[in-house]
Amino acid sequence: MTYALKFENVSKSFSTSDAIKDISFEVEKGEFFSLLGPSGCGKTTILRIIAGLEQPTSGDVYINEQLINDIEPHLRPVNTVFQSYSLFPHLTVKENIIFGLKIRKYDKKEIDSSLEEVIALIDLKDHLKRKPHQLSGGEQQRVAIARALINKPEVLLMDEPLGALDLKLRERLQVEIKSIQESTKITTIYVTHDQTEALAMSDKIAVMSKGEILQVDDPETLYEKPTNKFTSNFLGNPNVFKGVIKNEKFISDEFEEIAVSNTKNGPASIFIRPEIISFGFNKVTSPNVNCVEGVVEHILYRGSWLDVIVSVNNTKIEISKENNFDLSIPDEGEKIYLYWYINKTWVVFDDQK
Amino acid sequence: MNRTVFLKLNYIFVLIFIYLPIFLMVGLSFNESKYFNQWTGFTLQWYEQLFQNQNILNALYNSMIVAVVSTFLSILFGFGIALYLFRVKNRFTSFVEKFIYVPIVIPDVTMAAMMLVFFIFLSNYLEIKLGIATTIISHTAFNISFVTVLIGSKLTRKLRVLEEVASDLYANHFQVIKQVTLPFVMPALLASIILSFVLSFDEVVISMFVTGPGSTTLPVYVFSMIKKGVTPAVNSVSSLMLIFSLILVTGVLLLSRKDNLK
Amino acid sequence: MTRNKLNNILGLPGIIFLSIFFFTPSLFIFRYIFGSRTRTGKTSFDKIYFDSFSQLLDFNVVPIINKSVVTAFFVTLICFIVGYPFAYYIKKLSTTMKYFSLFLISIPFLTNFLSRTYSWKILVSKNGLITKYVSMFYDVSSLLFTDFAVVLGMVYVYLPFMILPIFTSLENIEDSLLESAKDLYANPFKAFYYVTFKLSLPGVIAGVVLTFIPSLGAYIIPQILGGSKSMYLGNFTVLQFIQASNWPLGSLVSLIILLFMVFAINLLFKFEGQRNL
Numbered sequence: 001m002t003y004a005l006k007f008e009n010v011s012k013s014f015s016t017s018d019a020i021k022d023i024s025f026e027v028e029k030g031e032f033f034s035l036l037g038p039s040g041c042g043k044t045t046i047l048r049i050i051a052g053l054e055q056p057t058s059g060d061v062y063i064n065e066q067l068i069n070d071i072e073p074h075l076r077p078v079n080t081v082f083q084s085y086s087l088f089p090h091l092t093v094k095e096n097i098i099f100g101l102k103i104r105k106y107d108k109k110e111i112d113s114s115l116e117e118v119i120a121l122i123d124l125k126d127h128l129k130r131k132p133h134q135l136s137g138g139e140q141q142r143v144a145i146a147r148a149l150i151n152k153p154e155v156l157l158m159d160e161p162l163g164a165l166d167l168k169l170r171e172r173l174q175v176e177i178k179s180i181q182e183s184t185k186i187t188t189i190y191v192t193h194d195q196t197e198a199l200a201m202s203d204k205i206a207v208m209s210k211g212e213i214l215q216v217d218d219p220e221t222l223y224e225k226p227t228n229k230f231t232s233n234f235l236g237n238p239n240v241f242k243g244v245i246k247n248e249k250f251i252s253d254e255f256e257e258i259a260v261s262n263t264k265n266g267p268a269s270i271f272i273r274p275e276i277i278s279f280g281f282n283k284v285t286s287p288n289v290n291c292v293e294g295v296v297e298h299i300l301y302r303g304s305w306l307d308v309i310v311s312v313n314n315t316k317i318e319i320s321k322e323n324n325f326d327l328s329i330p331d332e333g334e335k336i337y338l339y340w341y342i343n344k345t346w347v348v349f350d351d352q353k
Numbered sequence: 001m002n003r004t005v006f007l008k009l010n011y012i013f014v015l016i017f018i019y020l021p022i023f024l025m026v027g028l029s030f031n032e033s034k035y036f037n038q039w040t041g042f043t044l045q046w047y048e049q050l051f052q053n054q055n056i057l058n059a060l061y062n063s064m065i066v067a068v069v070s071t072f073l074s075i076l077f078g079f080g081i082a083l084y085l086f087r088v089k090n091r092f093t094s095f096v097e098k099f100i101y102v103p104i105v106i107p108d109v110t111m112a113a114m115m116l117v118f119f120i121f122l123s124n125y126l127e128i129k130l131g132i133a134t135t136i137i138s139h140t141a142f143n144i145s146f147v148t149v150l151i152g153s154k155l156t157r158k159l160r161v162l163e164e165v166a167s168d169l170y171a172n173h174f175q176v177i178k179q180v181t182l183p184f185v186m187p188a189l190l191a192s193i194i195l196s197f198v199l200s201f202d203e204v205v206i207s208m209f210v211t212g213p214g215s216t217t218l219p220v221y222v223f224s225m226i227k228k229g230v231t232p233a234v235n236s237v238s239s240l241m242l243i244f245s246l247i248l249v250t251g252v253l254l255l256s257r258k259d260n261l262k
Numbered sequence: 001m002t003r004n005k006l007n008n009i010l011g012l013p014g015i016i017f018l019s020i021f022f023f024t025p026s027l028f029i030f031r032y033i034f035g036s037r038t039r040t041g042k043t044s045f046d047k048i049y050f051d052s053f054s055q056l057l058d059f060n061v062v063p064i065i066n067k068s069v070v071t072a073f074f075v076t077l078i079c080f081i082v083g084y085p086f087a088y089y090i091k092k093l094s095t096t097m098k099y100f101s102l103f104l105i106s107i108p109f110l111t112n113f114l115s116r117t118y119s120w121k122i123l124v125s126k127n128g129l130i131t132k133y134v135s136m137f138y139d140v141s142s143l144l145f146t147d148f149a150v151v152l153g154m155v156y157v158y159l160p161f162m163i164l165p166i167f168t169s170l171e172n173i174e175d176s177l178l179e180s181a182k183d184l185y186a187n188p189f190k191a192f193y194y195v196t197f198k199l200s201l202p203g204v205i206a207g208v209v210l211t212f213i214p215s216l217g218a219y220i221i222p223q224i225l226g227g228s229k230s231m232y233l234g235n236f237t238v239l240q241f242i243q244a245s246n247w248p249l250g251s252l253v254s255l256i257i258l259l260f261m262v263f264a265i266n267l268l269f270k271f272e273g274q275r276n277l
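Protein chains in written order, with my numbering: chain A, 1 to 353; chain B, 1 to 262; chain C, 1 to 277.
If you are wondering where the hints come from, they were derived from the structure by calculation, not from laboratory data.
Incorrect hints may have been included.
[What the hints assert, rightly or not] Calculated pairs, BS3-like style, for lysine-lysine (alpha carbon to alpha carbon, straight line, at most 27 Å):
| # | chain 1 | residue 1 | chain 2 | residue 2 |
| --- | --- | --- | --- | --- |
| 1 | A | LYS204 | A | LYS344 |
| 2 | B | LYS89 | B | LYS8 |
| 3 | B | LYS158 | A | LYS94 |
| 4 | A | LYS94 | B | LYS178 |
| 5 | A | LYS152 | B | LYS89 |
| 6 | B | LYS178 | A | LYS105 |
| 7 | A | LYS210 | B | LYS89 |
| 8 | B | LYS8 | C | LYS92 |
| 9 | B | LYS228 | C | LYS92 |
[Unchecked claim] A few chain C residues that face chain B, going by a derived Cβ cut-off under 10 Å, partial list only:
| # | residue |
| --- | --- |
| 10 | PHE23 |
| 11 | MET136 |
| 12 | PRO160 |
Backbone N, C-alpha and C fix where the C-beta goes; we use that ideal spot for every residue, glycine too.
Next up, chain A with everything else stripped away, as it sits in the complex:
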């Protein structure tokens, strides 16, 4: 396997937070790789170590099979798009974009052709002569991306590049960044705390918590088959219950028996995602589904979907349903039945990390 970037047992300790512990992972050439986790989990530290702005306390970092631990930041074949755009305020947009080429004394012809190439990818033609403070947030971020991209780095690093933008703009730029990455095939490390962003854009996601990587997988596996509690909880908004698994049944304070498809026994939590639960006014009896009875407590109208909170055996289960025509909306206080496929009840045992 050819990797563009490899971390081998890298640790970095700080007096404050953001430390990382014994991190190992590989990123393939051309991959869009996201580091996902809450703030302070160490994802930015990993990025800064790759860029050379931070020195690892121990462990090795390789780019294209070459150990880069001791290489100064300005000699590394990586470029970063920083969180706060960080354009040089005293330079024009054009001067910002070609900064990296000029510093390395590329001749005018090379610079001009590279600039044209980048502008073909990112539409900035009308802004080239302006100063950064004359641009909107979205435009500034485009310049920052162009400024990194023009250098054709081996690895492109992006540190929450869309964090400061509003939702609509963020979604538009997600599509833009993804399509640029697909057409240039530049290996990209993308740091974000926004799960939908990571799920939508990445080839692979590393979920991080408290300085450790908990799981590295493609978005689908990560969402459907999380291997640990943190990932299960962090992605989506599942209903979580704690109890024991015994003979393919989950037993807890709230539930007498919920069928699961795991054969293992032991203390565990089950995760039932709101969108896999269906409801109806009649009891469903099928060997493939779990069915429980409950009373509608609240209905939250979200526009394109509904969140229904149902009280079941002194606890609450949240379900979410697309707002389409054939959805018959129950009334608050009405008795309904909830049912879902047994194999969709996701189990994480307590001894799994």
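Model the placement of chains B and C on the given structure of chain A, informed by the hints.
Only chains B and C this time, still in chain A's reference frame:
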């Protein structure tokens, strides 16, 4: 009385309070009469006399030399310390960060006294005479702090990120300073050049202690004139000094305003 | 790492300069305090003397300290009473007027101190504008060389030092805070006291320190407006050095001024620290 009316009156009163004496002084410097309570006509004669007064011209020359050299030195030293404090964080730098304020807040009389005893003590062992050199050293000693603090206030997290961006974009240490740090702090640098020049040029008490015979600075000379009384000569030389520093200070204020808007 | 070495070298020249020409001289003051004035005016160091301390009483320094502190207190008080409403008023002005007013106040903050003191001298001299006005009520021919002139002169010179920090802290108060105070049923006075005034206290403290300290150690203003007979800490110190050649006593008094400064700064910052708890 209505609150707004009170505030407005207070505002007008303060501005009159601050500017009336200044305008009066400048006006009187053009008064033909020797007596300040009567206006007999416009004249430039007091200014002409000023430029024929060899003592004043000598003092002006001394002041200029002291201000220029001490400004140069304090920028050199102060900018260096500011960059050092910005880049290096340890116990020593956090001590320096606090200590740097002492020369700014120390009463001028105290500083004057300690510079004097220091130089006199040294003169027992070294060939040191109170004069231009000792004045330059003393002015540099307090100006360094002003420069460090003024430039330091511009060395922010934002600049640190920009420096990181530059090194990420292949700039080496010197290229970072030249391409990013210098342009970023340029307004503050210009402002601190003007400010340390003004502070040195206007300084009285410390200069009075550490200048020797023949190396009197302009403010020290003018101060001795003022003590004697209100005369047309003092009016004109004071007006000139005031207008001179006014122009420079306006420059500083405009620079920092432009910088803040950016 | 080479980068670190380079950074250290950047600060080195300045720090060495300050160590030799600021830090070391400050130590010399301590040595001089324990010297003794000889008959020729030179200072003798052959042993540790305590002459300067006994002279504090012999030369009646205590009343001078008293007078300086009282003067500085009144100057600070007047500056606050006049300066706070001024800062409050310009905060509410339109942007252009605000910056223009700020500009007008900042100019004297930095312009030639000596000239400004002198311009005030013209007003309080015999037949000066203020003298004329005051003499309508009191029987005076000249206000020059009175304590009144000294206090007003200091207010005149140091007022911007009070206004600027207060303005800065007022400017940092968000309008929404005041609105929410009003929303929570505070009347305008209470809203002002509990929100505006309390939040502007850091600026007030800075203003008080910046006014009190130079007033306490002032030399030029008492010398020009108070005359040579009126003694304050600042000109008493200068007198010991320049005329009396009693350097040990001068050093001691200059140190007392410094201690007052340290004390004032500490007291006020302690006060601020307690409030923040």
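Results of checking the hints against the structure:
Restraint check for A/LYS204 and A/LYS344: satisfied, since their Cα atoms lie roughly 23 Å apart, inside the 27 Å limit. With a C-alpha separation of about 48 Å, the suggested pairing of B/LYS89 with B/LYS8 is violated against the 27 Å cut-off. A C-alpha spacing of about 21 Å is found between B/LYS158 and A/LYS94, which places the hinted pair at or below 27 Å, so the restraint holds. This hinted pair checks out: A/LYS94 and B/LYS178 have alpha carbons roughly 19 Å apart, not beyond 27 Å.
With a C-alpha separation of about 35 Å, the suggested pair A/LYS152 and B/LYS89 falls outside the 27 Å cut-off, and the hint is violated. Under the criterion of a C-alpha separation no larger than 27 Å, the hint pairing B/LYS178 with A/LYS105 is consistent with the structure, at around 15 Å. Of the supplied pair hints, the one linking A/LYS210 and B/LYS89 holds, its CA atoms being roughly 26 Å apart against a limit of 27 Å. A hinted pair counts as satisfied when its Cα atoms are at most 27 Å apart, and B/LYS8 with C/LYS92 qualifies at roughly 11 Å.
A distance of roughly 44 Å separates the Cα atoms of B/LYS228 and C/LYS92; the hinted pair therefore is violated under the 27 Å criterion. Below 10 Å, beta-carbon pairs count as interface contacts, and C/PHE23 has one with chain B at about 8 Å; its hint therefore holds. Given hint, C/MET136 at the interface with chain B, is violated; its Cβ is 16 Å from that chain's nearest Cβ, farther than 10 Å. Given hint, C/PRO160 at the interface with chain B, holds; its Cβ is 8 Å from that chain's nearest Cβ, closer than 10 Å.
Checked against the numbered hints above, the structure violates hints 2, 5, 9 and 11; every other hint is satisfied.
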